[in-house]
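Participant: As a plain string of letters, each chain reads:
Protein chains: 4
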Amino acid sequence: MIKVGIIGSTGYAGAEIVRLISSHKNAKVEWYGSRSYIDKKYYEVFQNMFQIVDDKCLDDNIDELANKVDVIFTATPQGLCSKIINEEVLKKVKVIDLSADFRIKDVDTYEKWYGIEHMSKEYIDEAVYGLCEINRDKVKNARLIANPGCFPTCSILSIYPLLKENFIDKDSIIIDAKSGTSGAGRGAKVNNLFCEVNENIKAYGVATHRHTPEIEEQLGYAAGGEVMINFTPHLVPMNRGILVTAYAKLNKNVSYDEVKAVYDKYYDKEKFVRVLDKDVNPETRWVEGSNYCDVNFKIDERTNRIIMMGAIDNLIKGAAGQAVQNMNIMFGEDEWEGIDQIPMFP
Amino acid sequence: MIKVGIIGSTGYAGAEIVRLISSHKNAKVEWYGSRSYIDKKYYEVFQNMFQIVDDKCLDDNIDELANKVDVIFTATPQGLCSKIINEEVLKKVKVIDLSADFRIKDVDTYEKWYGIEHMSKEYIDEAVYGLCEINRDKVKNARLIANPGCFPTCSILSIYPLLKENFIDKDSIIIDAKSGTSGAGRGAKVNNLFCEVNENIKAYGVATHRHTPEIEEQLGYAAGGEVMINFTPHLVPMNRGILVTAYAKLNKNVSYDEVKAVYDKYYDKEKFVRVLDKDVNPETRWVEGSNYCDVNFKIDERTNRIIMMGAIDNLIKGAAGQAVQNMNIMFGEDEWEGIDQIPMFP
Amino acid sequence: MIKVGIIGSTGYAGAEIVRLISSHKNAKVEWYGSRSYIDKKYYEVFQNMFQIVDDKCLDDNIDELANKVDVIFTATPQGLCSKIINEEVLKKVKVIDLSADFRIKDVDTYEKWYGIEHMSKEYIDEAVYGLCEINRDKVKNARLIANPGCFPTCSILSIYPLLKENFIDKDSIIIDAKSGTSGAGRGAKVNNLFCEVNENIKAYGVATHRHTPEIEEQLGYAAGGEVMINFTPHLVPMNRGILVTAYAKLNKNVSYDEVKAVYDKYYDKEKFVRVLDKDVNPETRWVEGSNYCDVNFKIDERTNRIIMMGAIDNLIKGAAGQAVQNMNIMFGEDEWEGIDQIPMFP
Amino acid sequence: MIKVGIIGSTGYAGAEIVRLISSHKNAKVEWYGSRSYIDKKYYEVFQNMFQIVDDKCLDDNIDELANKVDVIFTATPQGLCSKIINEEVLKKVKVIDLSADFRIKDVDTYEKWYGIEHMSKEYIDEAVYGLCEINRDKVKNARLIANPGCFPTCSILSIYPLLKENFIDKDSIIIDAKSGTSGAGRGAKVNNLFCEVNENIKAYGVATHRHTPEIEEQLGYAAGGEVMINFTPHLVPMNRGILVTAYAKLNKNVSYDEVKAVYDKYYDKEKFVRVLDKDVNPETRWVEGSNYCDVNFKIDERTNRIIMMGAIDNLIKGAAGQAVQNMNIMFGEDEWEGIDQIPMFP
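Residue numbers (my numbering), protein chains in the order written: chain A, 1 to 346; chain B, 1 to 346; chain C, 1 to 346; chain D, 1 to 346.
Hints are not guaranteed to be accurate.
Because identical chains share one entry, a pair is satisfied inside a single copy or across any pair of copies.
Below are the DSSO-like pairs computed for lysine-lysine, each with C-alpha atoms no more than 27 Å apart in a straight line [what the hints assert, rightly or not]:
#1 Lys-91 <-> Lys-249
#2 Lys-68 <-> Lys-260
#3 Lys-68 <-> Lys-271
#4 Lys-249 <-> Lys-68
#5 Lys-252 <-> Lys-271
#6 Lys-28 <-> Lys-56
#7 Lys-28 <-> Lys-271
#8 Lys-265 <-> Lys-28
#9 Lys-140 <-> Lys-112
#10 Lys-112 <-> Lys-278
#11 Lys-83 <-> Lys-265
Because the hints were derived from the structure by calculation, they are not lab data.
The structure presented is a predicted model; accordingly, all values stated were derived computationally and were not measured.
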């Protein structure tokens, strides 16, 4: 039985880890960390867990935690994980960080986009970017996982094969993304009130969103050289889901079948990435509640561009689900254990 | 392995049976019935099932079906199940009917409220009203289950204990219910279009809704005499969920603890009915995606009335989940097999 | 030109006053009060007002304000208006208070339900309860208007005629109400975040909601004696709208036509109260964006009860619109000036 | 008083024309055309119009209509207007066609993208593309207006100034658009049911949407040469609103101020186009219920691209409002008469 500790268990992503681990055969949450709700019953914060979880929320205490559990998930704001981990901790437990602290290899880029100083530069190199379908082998033996961001997960999985196979021009990539509101977190902000979000759509972080360098770095590995993209996220009046619509110039004349073959080459054996049938567009409703990433593409011969699309549940494949997937890989579990829920519709 | 046939597998309730059975250890769907989509791949209708279900939709053929499966779920409009079942069928398979055909013992009442002639009156007596927590023993040996309606399930579970224990005046019951839109089905009707439902709330079927006599009959058994209620359903702009707010006169001065003890007496050992802590109101978000029914109450000493509240996911405890729960009881499975999903929030 | 001052102009109700006054021929906002946004351009808080309002938000200064304007709207939390008004102010300007401070004549009842001490008891008697259709004559000459609450407006208009004409039993009234989320205000609270409200319905303030004594007092005037009700509000995932479903015992056998005649007697000449055709239920979408209150009823002969229903836009007839309606009456304007917008659908 | 006839008055756009004309000082609807609801009271279809419109719906009869009214709005599917107009009609009345029949000058392009034969080719040249801010002078004397599509209106207003002034590369334009569901019309289709749209976002018509050639033609006039774009619309779970996020390569190094000056040059005197302050992104909630188009831009120096954004209410500036604006111009009315409603929020 894998003993699990969660720092930040009362945010949306943290709560989703709790829910997923609760249906995992070989894992159990031993530490419900939550600075905001110390000593409060966990189910009093999330009544869906009434009669399911009886534990109380605990303060953060990384040393005590390291002695009690096998793996720590940090579902916390940027800067926290890098502040609290150290060699003592990493010797004892695996750490899966859902924040951005260890996602970007170039520390200057991190500090510029996030506006904070990195407190554990020495672990940046070691940390493995936990996009399971791309980095599975490295994940296996990692001590520290940088769990990918929600937008990067969906963007990279949608674009990676075509960039890797040199089908598209790496300097032409534009990613227009749409996210449900749970991605904005559970903090009490006017901008996220029901009446502010409902009956509205807006772009935010235009040309400045922090997921930009993360996507660029990973796409850079695929392209074998620096990639610069436009990335524009939008806030959609729904709870869950991310949809990515990405545009790029084709490097050559290609047929539907040729492109399909490339996607299949990378994803045919992947349980959690589904390449849809021709002309079926990914929709967030078809992946909600699951760890799936649905992808597809459309060639526009008129403009010689290709439109690449992907859909995920931002809290599962975009956060908690992928974190558990990484845990499964690290601990030799079936990769889909605890995260094989079928998408729930409607 | 229990072989399952579904007639009406492409409605919302039918699709939910498919989803739940797909995660059931000892059951498997063998027949995806759907008159509207014959020969179409099931996943083409519900893309969430892509790469999960590869079968095609089949026409209704009760005789062939009876030979192939162990249990038939009819998730169809009123009148169909009563038209197609017969002794040959019932000798071979169990039938769990999600329509109203066998819920009401008095055939005149049925025909009056539903406006159709009943085609299998001879099975009305035999049919067991499958509200598992109340009728578990009868369900065990039934051949034919009348799976309760969504509003009746939530209403009866909320009111039953107090009526049975004579705490409330049986002539004073008013049920004000609120339902998500999946309860209206997947038919293409202007009234159920997004723009007609969104940003709106309305009552419908005021004083005439067909679930009224169903609730009255079941409450009548608890009260030991005829019960007449007011029942008003409302349509809420959300996908899933039913909330019941019921009002009744108290027969005597009672304390919180006395009432709580009555609820506990009936539900303490029931996994799927959760009596909430004092002053915590049921909310549909805390049961969405699960088979739970959350109930609670509030005494109003000023008016000597009690407000009884209940919340369910209308597609699960209010339809498909309870149907599978009935199947589990009938086939000697763990009652919660396939339906022990934790509520998904947000 | 009526000069208008608003204290609390950046809440939802305050902003709605701004919007309505902006289309009023003979009124103009001279003071955009907002403690939270002092010196900020009003349109920076509400971008819909970009290029329409160029003023800055001002601090509260009742004395200065009283010298500058003809009427002050206080769209503020309970307790503020009663703290700042005095004879000096009332000699100079009319005051329309959208809070509950002057709605309840019995100060003990106010202090008990609201949990605060009343700071201007001397004006409670003088204040006129501004439910225009009922108290129009008193409004005309008032200095101080207690603008009715959103739930009370809809509840009273739905029930008043039948109670006044003694058609219903005053001790049997149960009001089950449903409100959009703008009624909860613009404060940054976790409970009002999009993801907490969306896909959910819940009751709140069960048997304890502060609008209860306000409704009871007004219904008491109609009944000619003390009235005690059950009142249960629910939060609906939509921006605007209140729906009231009220239940009462009929005092005698009455026909549809007799009841209809009573409603018509009271509302036939009222522009803003529409008695709908037979069997057409009020729905919030049909009044959204307008000052209308739609009402109707259904007799249930089986239970000898009547179901009375009403729908309003909570921010207009339930707050800002009625406040402007009161202003129009007080200043001799056409009653519908500035508030005759047609409901916007969808 | 301008006498107005509407063919298709019970669709969402047609109903919005009714609503707007009802608050127009010098216009009045004389003919509520609706094949689906002949002889039914208009308010029975749209209860918001109860006690406001008492007329019945009438069949289409273009000859009778032409004798009775001064202007005909056709808010109908493609192909109808071009089938019914002729010289007799155009001699008698102005026609404002909200369908696509006369928007595209090249009839082959029309027939290819729309898949229908054009029945009035002889009027294509004469028809004026009624994007008021661009073609105001031509509108003044037109007999036949091709009222722009919702996506084209928002797209063109967002991009036009920079293309006209040669700031952007005409071959690099990508338009990613998002629309509320009223844009899909009031037809009873499964895809537009509440439960199918709610909690979902999807792209549709990828690389094939019919608004593509319309946008290309108009942008072509600005660019002074053929323009080919990528255009991807998305369906958003909200009633109203269109947001356009458009990307293009900058032709040269430009500053914020230089770009701002270009937008101001075109829109400074336009009431209905608002160029927002720096770094304020257009959001649909700030224009909902109004005829405004909010636009803004963001320069991304890293990629040398510019992101152009626009927001409209699809039923008003994107359909009915612009149609009335065209009417006002044609009949010498104040351009904003009947359509100067302030955006309603929330």
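Participant: Output the indices of the hints that this structure fails to meet, ascending.
Facilitator: 1, 2, 3, 4, 5, 8, 9, 11
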